[in-house]
Amino acid sequence: MNISNAQQAVDDWIKTHGVRYFNELTNMAQLTEEVGEVARIIARRYGEQSEKESDKDKDLGEELADVMFVVLCLANQTGVDLQEAFDKKLDIKTKRDHERHHNNEKLK
-15 MNISNAQQAV DDWIKTHGVR YFNELTNMAQ LTEEVGEVAR IIARRYGEQS EKESDKDKDL
45 GEELADVMFV VLCLANQTGV DLQEAFDKKL DIKTKRDHER HHNNEKLK
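Take the sequence shown: its position 101, counting from 1, is numbered 85 in the working numbering, and each next residue is one higher.
Calculated directly from the structure, the hints in this document are not laboratory data.
EDC-like, lysine to aspartate or glutamate: derived pairs with alpha carbons at most 16 Å apart:
1. Lys42 / Glu18
2. Lys42 / Glu21
3. Lys36 / Glu21
4. Lys40 / Glu21
The structure presented is a predicted model; accordingly, all values stated were derived computationally and were not measured.
Sequences and hints are given; from them, build the entire structure.
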(Lines of atoms letter the chains of each structure in order from A and count residues from 1; the text may use other names and numbers.)
(Lines give C-alpha, C1' and ligand atoms only; values in the text may rest on other atoms or scores of the structure.)
Protein backbone atom coordinates (compact mmCIF):
# COMPACT_ATOMS: atom_id res chain seq x y z
CA MET A 1 0.00 0.00 0.00
CA ASN A 2 1.41 3.39 -0.88
CA ILE A 3 0.85 6.52 1.20
CA SER A 4 -1.99 7.78 -1.01
CA ASN A 5 -3.82 4.48 -0.53
CA ALA A 6 -3.19 4.66 3.21
CA GLN A 7 -4.66 8.18 3.34
CA GLN A 8 -7.73 6.94 1.48
CA ALA A 9 -8.05 3.90 3.75
CA VAL A 10 -7.99 6.13 6.83
CA ASP A 11 -10.58 8.47 5.30
CA ASP A 12 -12.81 5.50 4.44
CA TRP A 13 -12.40 4.17 8.00
CA ILE A 14 -13.36 7.54 9.51
CA LYS A 15 -16.44 7.72 7.27
CA THR A 16 -17.46 4.12 8.05
CA HIS A 17 -16.51 3.65 11.70
CA GLY A 18 -15.91 7.12 13.07
CA VAL A 19 -18.35 9.95 13.36
CA ARG A 20 -15.89 12.53 12.01
CA TYR A 21 -12.26 13.51 12.31
CA PHE A 22 -11.26 14.94 15.67
CA ASN A 23 -10.23 18.56 15.21
CA GLU A 24 -6.63 19.28 14.33
CA LEU A 25 -5.62 20.31 17.85
CA THR A 26 -7.10 17.14 19.35
CA ASN A 27 -5.30 15.04 16.75
CA MET A 28 -2.04 16.87 17.47
CA ALA A 29 -2.42 16.04 21.16
CA GLN A 30 -3.26 12.45 20.26
CA LEU A 31 -0.16 12.27 18.02
CA THR A 32 2.00 13.50 20.89
CA GLU A 33 0.50 10.83 23.15
CA GLU A 34 1.15 8.08 20.61
CA VAL A 35 4.75 9.22 20.02
CA GLY A 36 5.22 9.12 23.79
CA GLU A 37 4.10 5.49 23.83
CA VAL A 38 6.65 4.67 21.12
CA ALA A 39 9.33 6.55 23.09
CA ARG A 40 8.52 4.58 26.23
CA ILE A 41 8.97 1.25 24.47
CA ILE A 42 12.20 2.33 22.76
CA ALA A 43 13.66 3.81 25.96
CA ARG A 44 12.97 0.71 27.99
CA ARG A 45 13.52 -2.01 25.41
CA TYR A 46 16.54 -0.58 23.60
CA GLY A 47 17.77 2.12 25.97
CA GLU A 48 19.27 1.99 29.42
CA GLN A 49 16.05 2.01 31.43
CA SER A 50 14.71 -1.32 32.61
CA GLU A 51 11.48 -2.50 31.08
CA LYS A 52 8.56 -2.81 33.46
CA GLU A 53 6.73 -6.11 33.48
CA SER A 54 3.57 -4.34 32.31
CA ASP A 55 5.41 -2.96 29.26
CA LYS A 56 6.95 -6.24 28.06
CA ASP A 57 3.90 -7.23 26.01
CA LYS A 58 3.63 -3.83 24.28
CA ASP A 59 3.84 -4.13 20.50
CA LEU A 60 6.16 -1.53 18.99
CA GLY A 61 4.70 -2.10 15.53
CA GLU A 62 1.19 -1.43 16.81
CA GLU A 63 2.31 1.78 18.50
CA LEU A 64 4.12 2.96 15.35
CA ALA A 65 0.95 2.20 13.38
CA ASP A 66 -1.00 4.38 15.84
CA VAL A 67 1.41 7.24 15.10
CA MET A 68 0.99 6.67 11.37
CA PHE A 69 -2.81 6.59 11.63
CA VAL A 70 -2.93 9.96 13.38
CA VAL A 71 -0.41 11.47 10.93
CA LEU A 72 -2.62 10.30 8.07
CA CYS A 73 -5.65 11.83 9.78
CA LEU A 74 -3.85 15.16 10.11
CA ALA A 75 -2.78 15.05 6.48
CA ASN A 76 -6.32 14.29 5.33
CA GLN A 77 -7.98 16.99 7.35
CA THR A 78 -5.45 19.67 6.39
CA GLY A 79 -5.44 18.82 2.68
CA VAL A 80 -1.85 17.52 2.54
CA ASP A 81 -1.02 14.96 -0.15
CA LEU A 82 1.40 13.01 2.00
CA GLN A 83 2.62 10.85 -0.90
CA GLU A 84 3.65 13.96 -2.82
CA ALA A 85 5.18 15.56 0.28
CA PHE A 86 7.11 12.39 1.18
CA ASP A 87 8.43 11.92 -2.36
CA LYS A 88 9.58 15.54 -2.42
CA LYS A 89 11.23 15.24 1.00
CA LEU A 90 13.02 12.02 0.02
CA ASP A 91 14.37 13.74 -3.10
CA ILE A 92 15.58 16.74 -1.05
CA LYS A 93 17.25 14.50 1.54
CA THR A 94 18.87 12.37 -1.16
CA LYS A 95 20.42 15.39 -2.88
CA ARG A 96 21.38 17.16 0.35
CA ASP A 97 22.60 14.32 2.51
CA HIS A 98 24.22 11.68 0.28
CA GLU A 99 27.76 13.02 0.39
CA ARG A 100 27.31 14.48 3.86
CA HIS A 101 26.61 11.09 5.42
CA HIS A 102 29.27 9.26 3.40
CA ASN A 103 31.82 11.86 4.53
CA ASN A 104 30.77 11.81 8.18
CA GLU A 105 33.61 10.30 10.20
CA LYS A 106 31.20 9.49 13.03
CA LEU A 107 29.32 7.06 10.77
CA LYS A 108 32.37 5.06 9.69
